[in-house]
Amino acid sequence: MSLEAARLLLANWEPRDALDVALMWFLLYQALLLVRGTRAFQSLVGLVALGGLYLLSLRFELLTLRWALDKFFVYIVLAVLILFQEDIRRGLASTGGRLFSGFSSDPDSFAHEEIVQAAFALASRRIGALIVIERGASLSDVAESGHAIDAEVSQELLSSIFHPTSPLHDGAVLIRKGRLLAAKVFLPLTLSKDIARYFGTRHRAALGLSEETDAVVLVVSEERGAVSLVMAGALTPVADTNELRQRLQEIFAPTSSAARVGFAAGGR
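The numbers in our numbering rise by one with no breaks, and the one at position 214 of the sequence shown is 229.
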C-alpha cells in the first residue's frame, strides 16, 4: 500500500470501520479455535498456504498458477463443508460450550483426584490403563468406537474397568466434564518412529490421539508399573500422585500457559 493510499484510508476512517475490523478479527479467531486440535487443522494450514500462493501469483503475474487456483477456489467452500462437516459440527458445539462455560463450575476438576488415585493404584498392581481427558476439541467420534457408559468418575470405577478380567479393560476410557463417557475406546496409533522400543500399544495410541487433538492422555504401563502423561505429541513420565495432581492443575487452569500450548516434555 502506497503512502498516499494510506493517507486516503485514514482520512475516510470512521468508528464503524474499527468495529468492522474488530468483528472480522474476532470471527477469524473463533474460526481458529473451532478447528484447533481437530483433524481439519492441518488441512486449514494447507489452505492458508494455497492462499499465500494465490497472492504471490497476483503480485508477480503468474498467470497459469493464478488460473489454476481460481478454478480451485471456486469449489473450495463446498469441499470444506463436505469433507469437514463433522469437525465443523463438533467445533460449533464446542464454541457454544465455551461461550456459556462461565455460568457453571468445571465438573472435570472434581474428577482429577479420582483419576490421580486410580492411575497410581493401578500402577502399583501392574495393571495397564489408558485414560483420555477431553479438553477443547470434541472427541465424540472417538467415543463412538467404544461402549457408552456415562457415569461419574471414581477410583473404584476406573479400577474395575481396567481389571484384566473386565470385558472393558482393552482400549481407553474417555472422560468429559467429570463424567466417564465411554470405555473400550480405540485410539489412532502414532506413525512416528521416534519412540522408545519398550513403549507398547497403549503409549503409541496415547501419542497418536494427542498428535491429532488437544486431549490429555494418561498411560499406565503394566510391564513397568509407570505412569506417563501424554499431551501435544509429547510423553512425560510422572513420578507420583503429587506430580500428576500438579500437572493436571496446571493444564486445566484457565489462565495457564500449559492449558494453551502444553507443558515442556521430558522426552518420549
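Don't read these hints as lab results, they were simulated from the structure.
Quick caveat: nothing in here was measured; it's all calculated off a predicted structure.
We put the beta carbon where it would ideally sit given N, CA and C, even for glycine.
Worth double-checking, as some hints may not be accurate.
Pair by pair, the computed Cβ-Cβ distance ranges are [to be verified]:
id, residue 1, residue 2, range
1, Thr256, Ser181, 18 to 26 Å
2, Lys208, Thr79, 24 to 32 Å
3, Arg74, Asp185, 53 to 61 Å
Right, here's what the structure says about each hint:
no.	hint	verdict
1	Thr256 to Ser181: 18 to 26 Å	holds, 23 Å
2	Lys208 to Thr79: 24 to 32 Å	violated, 38 Å
3	Arg74 to Asp185: 53 to 61 Å	holds, 55 Å
The structure is inconsistent with hint 2 alone, although it conforms to all the rest.
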